[in-house]
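Heads up: the protein sequence lines correspond to chains A and B, in order.
Under numbering that gives the first Met the number 0, think of the first position of the first sequence as 0, with each following residue one higher.
Under numbering that gives the first Met the number 0, think of the first position of the second sequence as 0, with each following residue one higher.
Derived by calculation from the structure, the hints in this document are not laboratory data.
Fair warning: there could be bad hints in the mix.
[To be verified] Below, simulated EDC-like cross-link-like pairs (lysine to aspartate or glutamate); rule was C-alpha separation at most 16 Å, straight line:
(1) B:K105 - A:D429
(2) B:K301 - A:E167
(3) B:K331 - A:D117
(4) A:K55 - B:D335
(5) A:K401 - B:E148
(6) B:K105 - A:D436
(7) B:K301 - A:D170
(8) B:K38 - B:E187
(9) A:K306 - A:D275
(10) A:K118 - B:D335
(11) B:K38 - B:E185
(12) B:K333 - A:D117
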Amino acid sequence: MDVLILSRIQFGATIAFHYIYPPLSIGLGILLVLMEGLWLKTGNPLYHQMARFWTKVFALTFAIGVATGIVMEFEFGTNWATYSRFVGDVFGSALAAEGIFAFFLESGFLAVLLFGWDKVGRKLHFFSTCMVALGAHFSAVWIIVANSWMQTPAGYHIVGQGMHARAEITDFWQLVFNPSSMDRLCHAVTAAWCTGAFLVVSVSAWYLLKGKHVEFARKSLKVGLTVALTASLLQAVTGHRSAQGVAKNQPAKLAAFEGLYETTSNAPLVMAGWVDEKNEKVVGLALPGMLSFLAHNDFHAPVTGLKEFKPEDRPPVSASFWFFHGMVGIGFALIGIAALGFLYFHKGTLHERRWLLWLLVFSVLGPQFANQLGWFAAEVGRQPWLVYGVMRTPEGLSAVVKANAVLASLILFTLIYFLLFSVFLYLLNDKIQHGPDDADLIPAGKLALPAKN
Amino acid sequence: MHLDLNTIWFILVGVLLTGYAVLDGFDLGVGALHLFTNKDEERRVMLNSIGPVWDGNEVWLVTGGGALFAAFPNVYATAFSGFYLALMLLLAALIFRAVAIEFRSKRPERWWRQMWDVSFSIGSIVSSLLIGTALGNLAWGVPVDANGEFAGTFLGLLTPYPLLVGVTTLALFMMHGAIYGVMKTEGELHAKLRVWAMRCIIFFVICAVTLTMATLLYVPHLAARVRENPWLFSVALANMLAIANIPREFHHGNDGKAFLSSCATMVTLMALFALNIFPNLIYSLPHPENSLTIYNAASSPKTLGIMLVIAGIGVPVVIAYTVCIYWIFRGKVKLDRMSY
Numbered sequence: 000m001d002v003l004i005l006s007r008i009q010f011g012a013t014i015a016f017h018y019i020y021p022p023l024s025i026g027l028g029i030l031l032v033l034m035e036g037l038w039l040k041t042g043n044p045l046y047h048q049m050a051r052f053w054t055k056v057f058a059l060t061f062a063i064g065v066a067t068g069i070v071m072e073f074e075f076g077t078n079w080a081t082y083s084r085f086v087g088d089v090f091g092s093a094l095a096a097e098g099i100f101a102f103f104l105e106s107g108f109l110a111v112l113l114f115g116w117d118k119v120g121r122k123l124h125f126f127s128t129c130m131v132a133l134g135a136h137f138s139a140v141w142i143i144v145a146n147s148w149m150q151t152p153a154g155y156h157i158v159g160q161g162m163h164a165r166a167e168i169t170d171f172w173q174l175v176f177n178p179s180s181m182d183r184l185c186h187a188v189t190a191a192w193c194t195g196a197f198l199v200v201s202v203s204a205w206y207l208l209k210g211k212h213v214e215f216a217r218k219s220l221k222v223g224l225t226v227a228l229t230a231s232l233l234q235a236v237t238g239h240r241s242a243q244g245v246a247k248n249q250p251a252k253l254a255a256f257e258g259l260y261e262t263t264s265n266a267p268l269v270m271a272g273w274v275d276e277k278n279e280k281v282v283g284l285a286l287p288g289m290l291s292f293l294a295h296n297d298f299h300a301p302v303t304g305l306k307e308f309k310p311e312d313r314p315p316v317s318a319s320f321w322f323f324h325g326m327v328g329i330g331f332a333l334i335g336i337a338a339l340g341f342l343y344f345h346k347g348t349l350h351e352r353r354w355l356l357w358l359l360v361f362s363v364l365g366p367q368f369a370n371q372l373g374w375f376a377a378e379v380g381r382q383p384w385l386v387y388g389v390m391r392t393p394e395g396l397s398a399v400v401k402a403n404a405v406l407a408s409l410i411l412f413t414l415i416y417f418l419l420f421s422v423f424l425y426l427l428n429d430k431i432q433h434g435p436d437d438a439d440l441i442p443a444g445k446l447a448l449p450a451k452n
Numbered sequence: 000m001h002l003d004l005n006t007i008w009f010i011l012v013g014v015l016l017t018g019y020a021v022l023d024g025f026d027l028g029v030g031a032l033h034l035f036t037n038k039d040e041e042r043r044v045m046l047n048s049i050g051p052v053w054d055g056n057e058v059w060l061v062t063g064g065g066a067l068f069a070a071f072p073n074v075y076a077t078a079f080s081g082f083y084l085a086l087m088l089l090l091a092a093l094i095f096r097a098v099a100i101e102f103r104s105k106r107p108e109r110w111w112r113q114m115w116d117v118s119f120s121i122g123s124i125v126s127s128l129l130i131g132t133a134l135g136n137l138a139w140g141v142p143v144d145a146n147g148e149f150a151g152t153f154l155g156l157l158t159p160y161p162l163l164v165g166v167t168t169l170a171l172f173m174m175h176g177a178i179y180g181v182m183k184t185e186g187e188l189h190a191k192l193r194v195w196a197m198r199c200i201i202f203f204v205i206c207a208v209t210l211t212m213a214t215l216l217y218v219p220h221l222a223a224r225v226r227e228n229p230w231l232f233s234v235a236l237a238n239m240l241a242i243a244n245i246p247r248e249f250h251h252g253n254d255g256k257a258f259l260s261s262c263a264t265m266v267t268l269m270a271l272f273a274l275n276i277f278p279n280l281i282y283s284l285p286h287p288e289n290s291l292t293i294y295n296a297a298s299s300p301k302t303l304g305i306m307l308v309i310a311g312i313g314v315p316v317v318i319a320y321t322v323c324i325y326w327i328f329r330g331k332v333k334l335d336r337m338s339y
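For reference, chain A alone in the conformation it holds in the complex:
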């Protein structure tokens, strides 16, 4: 295999694995703030127990997220050195800002969140929890700004010729608020809330099924389902806005998402089906006019088809189609599951409906798969470009790195990540089986003191 394929596999695989964890940290971060906040507000020790229990799960996801995140920062330079030279002026700034504004905040206050329970007072601890959650969100901001710049570059100009050409910043705020960054940020952050919330929901539903830690599970479900429903509804809204941005800024990507070859007014939205790439059409069930409406708020607006683009400028169609439709399908299923759970929880009959509890247990996989598919759709749909319309993917490779070196590192990461993932599942299961600590019902140390007002 050549170095291009290997480097793409390695980058894709390492980021896919990494991307299991940050959404959990962001989502659980928000839930920890809610739980601890509810404890401070109500004084109900169950909320304190919840915060303590989920903090331990948070610590586990955070450690793997950090360890696998450093890999990502290094890989731009190791495997995509030419890209790094070309975009360092623009893209590097966003990464550096992420380090200064997000990572320090997150990891610094994590110390207090994890180990400060008995060392600091309630308010300071709560403040630290908030800072960790804020840091996690800041890191999403900067990395999505950087990635969105690759999708919809703005606020830069090209300086120099040939080998020495590179992108330089002309307007920092245009770079930060490039056409897709805020829509994609909202979509990714609400996805992360979903991810954290469905984990809490899943574990709590499982406790209810087993009749263990029932009070704890009920309280957790209440918080979890509320966030899950809110976030999954917001997913639809932010997803819609994001797709409208794609229609406007990356029409080839939208056409690939829907397998639309001919520019069509009254363009159909595919509900189920597949792309027949040979005959350049979609086989399946479609709602006429819906795509035009969703993309441009008008049933009769023309939607650009793939044929408007030279074959070498089109993204892989079937893959983009599947990833996108998979994500959307899961997204709507999650809204349904969260709504049912929420409804029966508030009717007080959720514990009688074991089928629904089982569904909630398995719902934890939904956001994870949707996150991965969504990210794949975004990145595969950007192809063949590395920086949309500016630099093609093969042009970004490191000039001096050989295929066998990349193969070696790919094997290394595959082995390490399989090990990490097995250990992660094992320890997560261990924590869930062990359940919340009864000792956590009684706050100790300075936390036991009531908050001074």
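Go by the hints and put chain B onto chain A.
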């Protein structure tokens, strides 16, 4: 020396990497010493002495890397793609080290803990050696072609001088970690760490003396820099005084001051290194005209200016809360329910 944006960023990247050495240096050192005791409780105390802070310490490397990417993208690209296999090994070592800290005490089984103890320690040792060896290569000079690309091989990076810098770095981190451990522990482990710290100090002094001689004898461009700028001797002198002060303070039981001297040793070493290579970031050998400097490898002045504003806002805040967090976790380690 004219203080332009490029020079300021040279200093800032240096500050970030020095911050990394001073902070992560002690937790890498604690890791390197981890297997010296085989008592489970002592290992837990060692882990928990760095428990709340190692993660934040590592961010200095991440941010240093990010700053290098943003301020000197050509250096980031050349060094990272050129040192490909070495960096992959470093990543593997850092991953094992990080997750081992988190995983180790989650299960009581002996084999489980032993496995992660070994990962933690080997990961720490390998990371220290690799970081030092990379620095050694930058000091010695690496082959760079006319396009600014690395023109050497992986094995070509493992020559005696860079390896000596690697071993010296390990010795320095072990000394730093041992003194930190002495400050954070009590009882039997404290007594053990005192002995190890003394041995580490001796190990480091031997390495430092050897390295100094090797540099003056075998690295002509560094020796020439000192000859042309005699005032550099004052930095070298400060460095030697800092080193000499470590055993002195340690002997008198002033562990905190010994630790500060160890920090000062690192700062002066990094300063010496930086002053010796300036304005080069990657010195090209055997073709010095291909060197990547703070001018030919830098981002545009506009970006350097924007980044300076970001650093100006961010860094003081980071330092403020980092100090507060170290303050919260001051004093001897006590194992409790939340400990690793």
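Taking only the CA atoms, is the gap from K301 (chain B) to E167 (chain A) under or equal to 16 Å?
8 Å, holds
Given the hint that K331 (chain B) pairs with D117 (chain A), test it: the Cα-Cα distance must not exceed 16 Å.
15 Å, holds
For a C-alpha distance cap of 16 Å, please report whether K401 (chain A) and E148 (chain B) respect it.
Holds: K401 (chain A) and E148 (chain B) sit about 14 Å apart, inside 16 Å.
K118 (chain A) and D335 (chain B) were given as a pair; does the straight-line alpha-carbon distance stay at or below 16 Å?
11 Å, holds
For the pair supplied as a hint, K333 (chain B) and D117 (chain A), confirm whether the alpha-carbon distance does not exceed 16 Å.
The given pair, whose Cα atoms are some 12 Å apart, holds under the 16 Å limit.
For the pair we were handed, K38 (chain B) and E185 (chain B), check the Cα-Cα distance against 16 Å.
Holds, because 15 Å separates the two Cα atoms, which is no more than 16 Å.
Hinted pair K306 (chain A) and D275 (chain A), Cα distance within 16 Å
15 Å, holds
Mind checking the alpha carbons of K55 (chain A) and D335 (chain B) for me, to see if they're no more than 16 Å apart?
14 Å, holds
Would the pair K105 (chain B) and D436 (chain A) pass a check requiring their Cα atoms to be no farther apart than 16 Å?
Measuring from Cα to Cα gives roughly 15 Å; hence the hint holds.
Is K38 (chain B) close enough to E187 (chain B), meaning Cα to Cα at most 16 Å?
Holds, because 11 Å separates the two Cα atoms, which is no more than 16 Å.
Can you confirm whether the C-alpha distance between K105 (chain B) and D429 (chain A) stays at or below 16 Å?
9 Å, holds
Decide if the proposed pair is consistent with the structure: K301 (chain B) and D170 (chain A), CA atoms, cutoff 16 Å inclusive.
9 Å, holds
Every hint, counting from the list given before, is met by this structure.
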